[in-house]
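Colleague: Residues per chain, in single letters:
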Amino acid sequence: MPDANSSAGSGARLRALGLEIPTPPKPLGNYVEVSQTGSLLFISGTLPIANGKLAITGRLGEDLTVEQGRKAARLAAMNALAAAQEHVDNLDRVKKLVKLNIYLAATPQFTDHASVADGASDLFAEIFGREQGHARMVSGVASLPKGTPVVVETIFETN
Amino acid sequence: MPDANSSAGSGARLRALGLEIPTPPKPLGNYVEVSQTGSLLFISGTLPIANGKLAITGRLGEDLTVEQGRKAARLAAMNALAAAQEHVDNLDRVKKLVKLNIYLAATPQFTDHASVADGASDLFAEIFGREQGHARMVSGVASLPKGTPVVVETIFETN
Amino acid sequence: MPDANSSAGSGARLRALGLEIPTPPKPLGNYVEVSQTGSLLFISGTLPIANGKLAITGRLGEDLTVEQGRKAARLAAMNALAAAQEHVDNLDRVKKLVKLNIYLAATPQFTDHASVADGASDLFAEIFGREQGHARMVSGVASLPKGTPVVVETIFETN
Numbered sequence: 001m002p003d004a005n006s007s008a009g010s011g012a013r014l015r016a017l018g019l020e021i022p023t024p025p026k027p028l029g030n031y032v033e034v035s036q037t038g039s040l041l042f043i044s045g046t047l048p049i050a051n052g053k054l055a056i057t058g059r060l061g062e063d064l065t066v067e068q069g070r071k072a073a074r075l076a077a078m079n080a081l082a083a084a085q086e087h088v089d090n091l092d093r094v095k096k097l098v099k100l101n102i103y104l105a106a107t108p109q110f111t112d113h114a115s116v117a118d119g120a121s122d123l124f125a126e127i128f129g130r131e132q133g134h135a136r137m138v139s140g141v142a143s144l145p146k147g148t149p150v151v152v153e154t155i156f157e158t159n
Numbered sequence: 001m002p003d004a005n006s007s008a009g010s011g012a013r014l015r016a017l018g019l020e021i022p023t024p025p026k027p028l029g030n031y032v033e034v035s036q037t038g039s040l041l042f043i044s045g046t047l048p049i050a051n052g053k054l055a056i057t058g059r060l061g062e063d064l065t066v067e068q069g070r071k072a073a074r075l076a077a078m079n080a081l082a083a084a085q086e087h088v089d090n091l092d093r094v095k096k097l098v099k100l101n102i103y104l105a106a107t108p109q110f111t112d113h114a115s116v117a118d119g120a121s122d123l124f125a126e127i128f129g130r131e132q133g134h135a136r137m138v139s140g141v142a143s144l145p146k147g148t149p150v151v152v153e154t155i156f157e158t159n
Numbered sequence: 001m002p003d004a005n006s007s008a009g010s011g012a013r014l015r016a017l018g019l020e021i022p023t024p025p026k027p028l029g030n031y032v033e034v035s036q037t038g039s040l041l042f043i044s045g046t047l048p049i050a051n052g053k054l055a056i057t058g059r060l061g062e063d064l065t066v067e068q069g070r071k072a073a074r075l076a077a078m079n080a081l082a083a084a085q086e087h088v089d090n091l092d093r094v095k096k097l098v099k100l101n102i103y104l105a106a107t108p109q110f111t112d113h114a115s116v117a118d119g120a121s122d123l124f125a126e127i128f129g130r131e132q133g134h135a136r137m138v139s140g141v142a143s144l145p146k147g148t149p150v151v152v153e154t155i156f157e158t159n
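Protein chains in written order, with the working numbering: chain A, 1 to 159; chain B, 1 to 159; chain C, 1 to 159.
This is chain A alone, in the form it adopts within the complex (with noise of 0.2 Å):
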């Protein structure tokens, strides 16, 4: 039933799709993981942890491969998820993604960014819908905390 599942709520597509929210993130230092203003929720970096670990480390274009940094994106993006439940309770609630940015930890000589953060934005894209896309940034860094290879940062838009 197409019709039933393009009217369904994100919360609803997730569980169609047998995906399971992580744990929400935690703070790595002296703020919160969501602030919202208005409709808007601004998440924190999220990072691709799993069971309270950071599940990958190293830099793209030197010791990671496209395909690993975009497991890490997908994992990332979950804790994004995550974090915007835990905020609005039911994910329903959460109409859209509005802006997507990923930081890579990469080399200078690094140029495929894109594919890695199609591990993310393919992800978003399951859940909102294709029909409601996302805006997006993509940047290769020298350095990220704790040594994770990505971080992903939202922006949400609320019903």
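Hints may be right or wrong, so weigh each one.
Where chains are identical, the list cannot tell them apart; a pair therefore holds if satisfied intra-copy or between any two copies.
27 Å max Cα-Cα, derived BS3-like pairs, lysine-lysine [unchecked claim]: (1) 71 to 26; (2) 95 to 53; (3) 146 to 71; (4) 26 to 95.
It is worth saying that the hints were derived from the structure and are not from the lab.
Fair warning: this is a prediction, and the values are worked out from it, not measured in the lab.
Dock chains B and C against chain A, hints included.
Modeller: Coordinates of chains B and C only, in the frame set by chain A:
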């Protein structure tokens, strides 16, 4: 007629300046060029693309001069305007540029980020008027998608 | 009187802490320090400037300690408050810090971004209260304008 000019919309100013908006950029991955929330347009990172191709590659502080960087920033800014115009149909509907983030591929030794970024800021000031400037952030990163030396990231406000 | 303190505005808290807002920063190029849209204030990147001069230069992981980085972050945050206050006249009108982005000039090996960023976050928590924290993103980049080790980028919400 300075009065008429100052009250003109951004589309009219653009035409008065003899500037031609390029073909709107295409996403490099699974995202969209423009994401609207309320009156704000979040534009994805835009590159110095002309005729569908990256017009320049390289790194500030290494193989690109500040002047080359400025031209790249201006061209990337034109692509942001093209994305915004495609979304709103008539650029007169864009009231102002709220925020500009510029990412430069730069060496650790490079210090003249502000001059390069002015290549974009000068264009936006010409179009939206100096009386309502934009906030700005510039950083020098390790690498950017496709080897571009500059990415421009913008938030516009619509009427 | 903790009750009185918790209901006090951000300007009153700042005075109670004995902190003095520095001279508002001046743009390094063709932009403005504060751009308002609705109730949001987008502040341009602010540097650790005191008495009109960059108080510190260098790179985290190379020639700056974490403690030096923290002080630089706190000073850059004070400059962001100065910019906001100049825009709204009375800092009590600033309700909270919505979002904090911190950019560090850092080596690829640096991993303690969170501790440095807390130099800014701790200040904001003192002023806006821990009960309404801010969302945060920290990255380590190759280089920043004028050789500054830290830039603080903020979005505030006004009453």
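Colleague: Which constraints among the numbered hints does this structure fail? Numbers only, ascending.
Modeller: Hint check: 2 fails alone, others pass.
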